[in-house]
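Please take these sequences and the hints and turn them into a complete structure.
FYI, the numbering for the sequence shown is 1 to 169, going by our numbering.
Be aware that one or more of the hints could be misleading.
As the list claims (entries may be wrong) - Under the rule of at most 16 Å between Cα atoms (straight-line distance), these lysine to aspartate or glutamate pairs were calculated in the EDC-like manner:
| # | residue 1 | residue 2 |
| --- | --- | --- |
| 1 | 26 | 111 |
| 2 | 26 | 114 |
| 3 | 26 | 138 |
To be verified - Now the in silico label distances, taken between C-beta atoms and shown as ranges:
| # | residue 1 | residue 2 | range |
| --- | --- | --- | --- |
| 4 | 13 | 88 | 34 to 42 Å |
| 5 | 82 | 146 | 37 to 45 Å |
| 6 | 88 | 125 | 44 to 52 Å |
Hint data in this document are derived by calculation from the structure and do not stem from the laboratory.
The structure displayed is predicted, hence computed values, not measured ones.
We put the beta carbon where it would ideally sit given N, CA and C, even for glycine.
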Amino acid sequence: MLRDPSHRTGYLAWQLSQAMAPRLEKALRPLDLTLAQQNALLHVSLAPGVSSAEVARRSGVTAQSMGAAVNALIDRGLLERSHHPGNRRVLWLRVTDEGLRLAERAQAAMEEVEARAVRIFSAEEQATAQALLHRLVDHLNPDALRFDAPAGEGEAGEAAVAASGEPTG
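Written out as structure tokens, the structure is:
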């Protein structure tokens, strides 16, 4: 027997995602960015030297989808790609000054959309909802909450490896 799905967390999370995506896309449209491109800009801005594959893992999208988003940002001069000095097969991504400025504008646009969406909650309810969602995402896709470069990958990762005393290469 079928049951009303509105009591399932997964169903509600999916509905929230479906409701938020078009609002976010609309907010990003004046910046000529897609959600995937905005996500790539954000991750690369916060973790210089991260790879496209790592950004895809953190974003929960395929490497191919993220590759298309990254290539579009490179073509626009918002990201740069370079070879890892210790492994020529690994490509690092870095945000350009123009890309960082656009990432900041995109983040502000995203925050406005979120503020409009959660204004039905009190400040305490907003904090509780955010904490519960954070915990759920941390359980299901902990990479989505990482905004540093993985050990050995990127500038932040190189610093983490050096600080750990592990050999770098």
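Here is what the structure says about each hint:
1. Taking the CA atoms of residue 26 and residue 111, the gap is about 13 Å. The hint holds against a cut of 16 Å.
2. For the given pair, residue 26 sits about 13 Å from residue 114 by alpha-carbon distance, which is consistent with the 16 Å threshold.
3. For the hint pairing residue 26 with residue 138, the CA-to-CA distance comes to about 28 Å; that exceeds 16 Å, so the pair is violated.
4. For residue 13 and residue 88, the hinted distance range of 34 to 42 Å is satisfied, since their beta carbons lie about 40 Å from each other.
5. In this structure the supplied range 37 to 45 Å is violated for residue 82 paired with residue 146, their Cβ-Cβ distance being about 21 Å.
6. The hinted range of 44 to 52 Å is satisfied by residue 88 and residue 125, whose Cβ atoms lie roughly 51 Å apart.
Comparing the model with each numbered hint stated earlier shows that hints 3, 5 do not hold.
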